[in-house]
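Engineer: Following the hints, complete the assembly by docking chain W onto the known chain P.
Line by line, the protein sequences are chains P and W. All residue numbers for the first sequence refer to the numbering used here, where the first residue is 53 and numbers rise by one. All residue numbers for the second sequence refer to the numbering used here, where the first residue is 117 and numbers rise by one.
Among the hints, erroneous ones may be present.
As the list claims (entries may be wrong) - 25 Å max Cα-Cα, derived DSS-like pairs, lysine-lysine:
id, chain 1, residue 1, chain 2, residue 2
1, P, K136, W, K159
2, P, K86, P, K136
3, P, K73, W, K123
4, W, K197, W, K125
5, P, K136, P, K122
6, P, K97, P, K73
7, W, K127, P, K104
8, W, K199, W, K123
9, P, K73, W, K159
10, P, K136, W, K125
11, W, K152, P, K73
12, W, K199, P, K136
13, W, K127, W, K270
14, P, K136, P, K125
15, W, K199, W, K270
16, W, K159, W, K260
17, P, K136, W, K127
18, W, K270, P, K136
19, P, K54, P, K73
20, P, K122, P, K86
21, W, K125, W, K199
22, P, K73, P, K123
23, W, K127, W, K195
What the hints assert, rightly or not - Here are some chain P residues pointing at chain W (derived, C-beta under 8 Å):
id, residue
24, F56
25, E75
26, D77
27, S79
28, S111
29, L114
Just so you know, the hints here were simulated from the structure itself, not pulled from any lab data. Values in this document were obtained by computation on a predicted structure and should not be read as measured data. A virtual CB, placed ideally from N, CA and C, is assigned to each residue, including glycine.
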Amino acid sequence: MKLFHHEIKDEKFIISLTQEKAEIDFSTTVELSKILNIGIDQGYKEIYFDFKNLNFIDSSGLGRLIAASKKIKIIIMHCPEDVKKIFHITHLTTLFTFI
Amino acid sequence: MGIQIIKEKSKFELEVNDNLNDLIYIRRVLELWLEKLNISEFKIMIIKLCLEEAINNGIMHAYKNMTGVKKRVNCHVEKTKNKIMITVQDHGNHQWYNEFKFPDPDKYAEKLITKGRGLLLIKRLAQDLRIINNKKKGTLIIIKIQLDEDNILKYL
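Isolated chain W, as found in the complex:
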């Protein structure tokens, strides 16, 4: 299995390769770690989803047109006081984000758009989403999820 996981009391780190079939295992390990931190089931679902979408994004988009490069992302999940911080770093082509535009969810269903939903989900589930491009290092996605607030409520 192409993942390495390091768990500490308040930090969870992993490196993921391009086998997205491993995600179910990653989610399960993450869930068990979050349960020990007494985080609610709903928040656990949000955290799992945000991490997964960021990983999917890195593996599926960041390495296009790159040959001979090992596809991988490095992830870090940390709990500090009332929030969870997630970072996902790919080492691929930073240019995918220059071409990306958040789809308008009001037109989603109407136009039956099937791409771009992952980052939109993160944007709506988390309190903060930042995407930092670096020509040499790739793209870093930073996600902040407040444990005592529900960003999602304003979209319901």
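Extracted from the complex, chain P is given alone in its bound form:
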């Protein structure tokens, strides 16, 4: 089952998670890369992530987001506070925009 889903809404490329208590790890990074590339290839300069269902993200997931941020701006919506702490302690809240 795919973890990520994307849609275009109000001219924004939005990636959301299809599972409750979703977890981004090594096994999902290929899918993550593919879906990011869809947005990049379509010319979007910003990609939105709706992380309201995110329960866990490891360093491989963070690494993919960082790699993507070299090409596009990443905007993260609805990130649970506990998960956001992981971004905080690696100073990634300065790299990505959280709304």
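Structural biologist: Chain W in isolation, oriented as in the chain P frame:
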């Protein structure tokens, strides 16, 4: 599936091979075990993350340039009073740690560094992280997570 799991009331042991796609299953089993110990959701997330990063580190780095060797790590998670102790032992090349340097998180975002984040996460999430190299046995990672303290708070 290339893992073996042994669960007791206060100990959780497993041997993991190089199929990192198994990690999602390991996390789920670990989570169910930790829930029975009445550990908070946030601490469970920290414990899962620390264990996973240590496993990733062993499988991905310890066996470089080694051929004909089965990649595996042995893990032990134990709850004693107010803490969780995690040990992850690889049987590979101990030299990876000699070349490793913790990245500076203040420069992380700026330089867009994409490696070394796993051990940095453990260092910031746990109360104690020790890495012990042994020429013959490989590398042992020891992690202590205090259940009644939040190390992470000082980095927020």
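Engineer: For each hint, tell me whether it holds in the structure or not.
Structural biologist: Structure-based check of all given hints:
no. : hint             : in the structure
1   : P:K136 to W:K159 : holds, 14 Å
2   : P:K86 to P:K136  : holds, 24 Å
3   : P:K73 to W:K123  : holds, 24 Å
4   : W:K197 to W:K125 : holds, 13 Å
5   : P:K136 to P:K122 : holds, 21 Å
6   : P:K97 to P:K73   : violated, 28 Å
7   : W:K127 to P:K104 : violated, 33 Å
8   : W:K199 to W:K123 : holds, 17 Å
9   : P:K73 to W:K159  : holds, 16 Å
10  : P:K136 to W:K125 : violated, 31 Å
11  : W:K152 to P:K73  : holds, 19 Å
12  : W:K199 to P:K136 : holds, 24 Å
13  : W:K127 to W:K270 : violated, 29 Å
14  : P:K136 to P:K125 : holds, 18 Å
15  : W:K199 to W:K270 : holds, 19 Å
16  : W:K159 to W:K260 : holds, 12 Å
17  : P:K136 to W:K127 : violated, 29 Å
18  : W:K270 to P:K136 : holds, 15 Å
19  : P:K54 to P:K73   : holds, 14 Å
20  : P:K122 to P:K86  : holds, 16 Å
21  : W:K125 to W:K199 : holds, 15 Å
22  : P:K73 to P:K123  : violated, 28 Å
23  : W:K127 to W:K195 : holds, 7 Å
24  : F56              : violated, 15 Å
25  : E75              : holds, 6 Å
26  : D77              : holds, 6 Å
27  : S79              : holds, 4 Å
28  : S111             : holds, 4 Å
29  : L114             : holds, 6 Å
Of the numbered hints stated above, those contradicted by the structure are hints 6, 7, 10, 13, 17, 22 and 24, listed in ascending order.
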